[in-house]
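Residue numbers (numbering that gives the first Met the number 0), protein chains in the order written: chain A, 0 to 335; chain B, 0 to 335; chain C, 0 to 335; chain D, 0 to 335.
If you're looking for bench data, these hints aren't it; they were derived computationally from the structure.
Ideal Cβ placement from N, Cα and C applies to all residues, glycine included.
There may be inaccurate statements among the hints.
Covered by chain B, according to a simulated footprint, are these stretches of chain C (three or more residues, beta-carbon under 8 angstroms) [claimed, not checked]:
1) 34-45
2) 67-76
3) 95-102
4) 113-119
There are 4 protein chains.
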Amino acid sequence: MSKIALQQNRSLDVIVLGRAGVDLYARESNKDMADISGFNKFVGGSAANIAVAVSKLGGKSGFVGCVADDAFGDYVKGYMLAQGINLDGLMTDASGSRTSVAFTEMKPTDCTVLIYRNNASDLTIKPEQVSQAYIASAKILVVTGTALSTSPSREASLLAMEFARRNNTVVVLDIDYRPYSWRTDVDASIYYGIAAALSDIVIGNREEFDMMETVLAPSNKDDDMTAKLFLHGNTQILVIKAGELGSKVYCQASEKFQQGIYHVDAQKPFGSGDAFAGALIWTLVNDGELEEGIKHGSAAAAINVSGNSCTEAMPTKKQLFDFIKANKQDLAVRRK
Amino acid sequence: MSKIALQQNRSLDVIVLGRAGVDLYARESNKDMADISGFNKFVGGSAANIAVAVSKLGGKSGFVGCVADDAFGDYVKGYMLAQGINLDGLMTDASGSRTSVAFTEMKPTDCTVLIYRNNASDLTIKPEQVSQAYIASAKILVVTGTALSTSPSREASLLAMEFARRNNTVVVLDIDYRPYSWRTDVDASIYYGIAAALSDIVIGNREEFDMMETVLAPSNKDDDMTAKLFLHGNTQILVIKAGELGSKVYCQASEKFQQGIYHVDAQKPFGSGDAFAGALIWTLVNDGELEEGIKHGSAAAAINVSGNSCTEAMPTKKQLFDFIKANKQDLAVRRK
Amino acid sequence: MSKIALQQNRSLDVIVLGRAGVDLYARESNKDMADISGFNKFVGGSAANIAVAVSKLGGKSGFVGCVADDAFGDYVKGYMLAQGINLDGLMTDASGSRTSVAFTEMKPTDCTVLIYRNNASDLTIKPEQVSQAYIASAKILVVTGTALSTSPSREASLLAMEFARRNNTVVVLDIDYRPYSWRTDVDASIYYGIAAALSDIVIGNREEFDMMETVLAPSNKDDDMTAKLFLHGNTQILVIKAGELGSKVYCQASEKFQQGIYHVDAQKPFGSGDAFAGALIWTLVNDGELEEGIKHGSAAAAINVSGNSCTEAMPTKKQLFDFIKANKQDLAVRRK
Amino acid sequence: MSKIALQQNRSLDVIVLGRAGVDLYARESNKDMADISGFNKFVGGSAANIAVAVSKLGGKSGFVGCVADDAFGDYVKGYMLAQGINLDGLMTDASGSRTSVAFTEMKPTDCTVLIYRNNASDLTIKPEQVSQAYIASAKILVVTGTALSTSPSREASLLAMEFARRNNTVVVLDIDYRPYSWRTDVDASIYYGIAAALSDIVIGNREEFDMMETVLAPSNKDDDMTAKLFLHGNTQILVIKAGELGSKVYCQASEKFQQGIYHVDAQKPFGSGDAFAGALIWTLVNDGELEEGIKHGSAAAAINVSGNSCTEAMPTKKQLFDFIKANKQDLAVRRK
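With the sequences and hints as input, model every part of the structure.
So this is what it looks like as structure tokens:
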């Protein structure tokens with residue numbers, strides 16, 4: 000019943016649009032930035048993480064984005080290719096932009112993340128560089144919302160979504176809100192509102208939906224009210240993530256349900272959202288039910304935060320099912 | 000049958016969003032810019048022209064826009080107030096922007112228009128400055144498309160349209176496309192596409208709809224195909240202006256029709272579109288039929304181009320009806 | 000004794016570097032901007048004014064600057080050519096900049112001047128566009144200081160001055176300070192300081208020298224102290240203009256002197272400085288004494304403010320000498 | 000004879016103006032960027048390197064610059080303070096700029112260095128933030144030329160040099176030319192020309208002096224000609240570094256001389272220039288002869304490139320003299 004209708008004869012399961020960059024994780028855990036001796040190097044970025052997640056589970060991922068024409072850009076492309084990701088939509092920019100880099104301490108909480116995104120390459124992708132045929136070759140397009148934060152990436156994202164709608168590619172918006180990327184919350188709420196209206200599925204946490212309601216319902220904190228605001232037109236499903244409390248899922252066509260999380264010892268506070276989205280989407284493209292997808296997402300998130308990087312700690316299909324079996328406590332699922 | 004349902008108990012008939020500036024018309028007709036001795040000064044700008052047009056016909060206009068905090072800004076505000084236009088939504092910018100100025104030769108054709116719009120005040124209006132209550136106080140919101148060309152005016156326009164939709168204020172998009180204001184036609188087509196989807200009525204000429212089809216139907220020149228592309232969802236009416244050939248009007252709810260123009264001796268090649276939009280909108284807010292509105296629009300356009308400025312040559316209700324009576328030749332109306 | 004040594008076999012008397020634009024003067028005198036009916040059109044801009052002043056007196060002027068590639072640019076070039084000014088160094092910019100325009104009321108005092116200089120063409124001139132051979136073809140290079148306010152015009156000006164120094168072209172700096180063009184007074188004082196050190200003659204008023212002392216002597220108002228600060232190295236002469244009180248002239252090589260002004264009924268408060276500089280420079284290139292040049296400058300200034308525009312009211316040689324004869328009261332000259 | 004006269008009663012030996020940032024060195028040597036597993040973290044940046052060099056030799060260094068208000072900024076400040084460097088002139092920027100970061104492979108040649116300097120904090124320092132009293136508290140001001148590349152750091156540097164001149168602080172310009180920081184070579188040559196004219200000592204290599212001659216002597220490759228061009232006015236000493244061939248030193252007051260280099264196994268191709276400048280300056284502030292300073296500089300450079308980072312591998316006084324003793328082969332010194 001809670002299945003998403005997908006076009007079947009597509010060469011790619013999913014195309015992810017957004018940021019691919021370099022993550023530099025503190026070599027020593029539980030040390031402050033000033034005191035660590037150096038960093039371990041990985042590929043990261045929300046969109047890259049999701050593409051890798053789908054790919055490691057066995058899905059066929061593609062990518063729309065941009066990296067710099069330099070050694071870090073080459074590194075990111077080489078890694079993603081090695082993961083089996085199709086890079087026909089990944090551009091290279093030689094105008095002086097730089098591949099996004101994130102430096103992080105390794106602490107489960109209060110973890111400093113230092114982001115180098117001044118003139119970031121991913122935000123230089125132009126609408127002229129987005130191919131309608133490419134978008135039409137996938138069952139699902141995932142847009143990570145940071146791509147909406149500045150031009151021309153904003154226009155590239157909106158055009159990709161328009162292409163998806165006209166070609167029956169299902170659109171998923173992963174809100175992925177980074178306040179520092181936007182002029183104001185008001186601007187963010189305007190473009191996220193437009194993007195949500197073009198999406199079949201919208202995934203975010205309470206704080207992200209608060210931002211989306213900046214203008215329309217500034218004091219609302221109630222998830223049901225949020226569902227009323229955004230669940231119409233094209234938008235069939237809303238997933239509101241609540242950390243420890245699990246996820247609430249609202250469907251236009253049916254009842255809402257809520258699902259808990261798997262409890263693990265976290266090594267780092269990031270990566271879980273991308274693992275969640277990746278496993279959910281992988282489930283959907285494999286004709287799985289929404290409830291199943293949310294469960295897979297929760298498991299993948301738990302596995303990821305126990306690992307030492309975002310991309311490397313994405314589970315394979317076997318790791319995912321082993322983990323679920325080993326953590327038998329049934330995740331609470333409540334229906335309204 | 001071809002009427003637009005409007006909210007009746009609103010304090011304003013129409014709010015126009017966009018450009019109010021200064022028009023400087025060559026003192027001598029049929030002379031080149033280098034040879035004219037000076038300029039006559041008027042208030043102009045598409046949005047100001049439409050607001051004045053409605054006001055002179057007896058309607059109650061409001062305005063959303065921005066002028067510079069200087070002598071030209073004061074002049075524009077003083078003139079609009081004197082025309083009875085409500086200026087609660089007209090902002091003043093003191094950050095160094097300048098009120099838009101257009102210098103024009105006075106020639107019926109091949110008429111040089113020199114535009115001073117670097118850091119134009121009208122494009123500095125921010126979404127934070129747009130009041131939902133104000134938009135909700137009008138029957139109709141008219142957005143002139145140049146306001147979409149750059150941030151933050153782009154976001155202010157999109158938010159105003161969202162406010163209008165949520166408050167049952169009918170939205171009219173006057174495309175008003177100026178290529179020099181945009182990064183590329185692709186960008187323009189993306190934002191005009193989003194704006195059209197938020198509008199009840201879209202007005203433009205063939206070249207403007209060509210721009211809107213840059214990505215979706217790049218080689219199309221067929222009006223019926225254009226109607227198919229844009230006439231769905233919120234968009235009920237499409238008016239495609241064709242100069243000498245009159246206007247084609249497409250309705251979602253009913254058949255299309257075509258109406259000719261009044262032939263007059265033009266003094267200048269501009270102002271007609273704004274006069275047309277103003278008289279059409281004035282007709283609609285007075286419970287007139289669409290066909291009648293198009294006829295009034297054609298008459299107002301003819302009167303305006305015979306005059307010596309845009310705002311000053313907008314007709315009063317008496318002038319409009321006298322002109323129509325005096326030009327009895329019935330405008331051809333063809334129905335499909 | 001107070002003569003400037005100039006290279007004699009040069010094809011041009013003077014090259015002026017800076018702003019050439021359009022002046023639009025209110026058609027009616029003593030009316031506010033909002034109430035005037037229109038504007039009379041003239042060529043203006045400090046540098047253009049000085050070049051015209053020299054040319055009308057019979058000197059051979061050249062020009063380094065930039066106008067827009069449009070009808071106003073054509074107008075400015077046509078007028079300057081008609082005045083006999085060599086335009087080999089006048090560039091045309093087609094990147095979207097606009098020729099500077101000034102709108103002015105016509106009042107002797109409290110006269111609103113509205114300046115359109117956002118992305119002004121004159122400030123787009125690049126150092127690559129300045130020819131050493133051209134600078135070397137003139138006896139004097141006059142730099143009007145607004146050209147120093149932003150890049151790349153700043154670099155073009157500094158390079159022109161360096162070329163002048165290396166080719167024994169005498170450098171005159173007319174401070175021409177417009178605060179709105181600069182980030183801060185501190186920035187202005189830094190670049191004016193560098194430019195003054197490259198100049199043989201520096202001309203300004205008390206307020207302009209105050210700006211130059213922002214960092215070095217922030218509270219100084221004493222002209223003698225100012226002379227001490229700037230009159231060394233290359234800088235031989237400092238002219239400090241004091242409006243009604245005339246001008247103080249400081250020479251490195253000899254004593255200072257002071258000269259009064261001619262009293263006339265002013266029609267407008269601008270143009271006098273450029274007329275002064277033009278007549279002074281014309282005197283120097285004709286082997287005149289400095290004292291004589293200052294007197295000619297004072298007369299030209301008086302003639303100019305009595306007229307109705309800046310360029311058109313520059314006197315011919317005959318007008319200048321007739322005026323001096325008719326105003327026999329000897330201008331007070333005091334020597335220290 | 001070849002000594003520089005310095006003000007003696009100053010609280011600081013030297014203030015260095017420019018870049019302090021983070022250097023991330025590949026963990027593995029002789030591997031490509033894509034293949035290395037991570038980076039070791041150090042403080043770096045030309046100006047920081049020179050300040051550390053002087054400090055490790057026992058001199059008292061100060062600093063003028065800017066870092067970001069974040070964990071990397073804190074790290075840089077903490078390290079420099081621990082080295083005994085006075086940081087009264089080191090600003091913190093919270094506007095979104097980022098502390099400069101350089102990622103490097105570890106290879107003696109063909110070593111990729113990836114620089115993150117989009118909106119770099121060091122270039123945000125404003126002239127208003129430079130204290131005349133601070134500049135006046137040092138014997139020597141060293142300006143590293145990258146600080147001249149963009150505003151407002153350019154103006155801060157020029158003002159610091161002006162302050163130094165007015166307070167008898169000797170000015171050293173280390174050209175430190177990075178083409179990517181500049182609009183064009185022409186612009187660079189203009190500002191380096193101005194800066195050189197404000198300096199007592201100018202240090203650079205042949206390629207850097209080529210850039211300085213872009214406009215004045217575009218095809219010159221001859222060091223003697225270069226000395227003729229720049230060795231006048233304030234500029235007493237020119238040091239032209241020639242890698243393997245050692246350095247040529249030109250003095251306004253006396254003859255030129257040339258000195259060879261120490262041959263060592265280099266671990267990395269950077270850091271040597273800063274070590275050279277640091278040891279030379281330390282020698283001068285300790286009343287050493289110029290020839291001795293160049294010899295110390297050559298030794299420090301050799302020691303530095305043998306180490307594994309720039310700052311950490313700066314020698315102490317003991318290490319410097321031990322190295323010189325151990326490498327007895329007298330460096331060839333030729334006099335003209």
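Status of each hint after checking the structure:
{"no.": "1", "hint": "34-45", "verdict": "holds (count 6)"}
{"no.": "2", "hint": "67-76", "verdict": "holds (count 5)"}
{"no.": "3", "hint": "95-102", "verdict": "holds (count 5)"}
{"no.": "4", "hint": "113-119", "verdict": "holds (count 4)"}
In terms of the numbered hints stated before, the structure departs from none.
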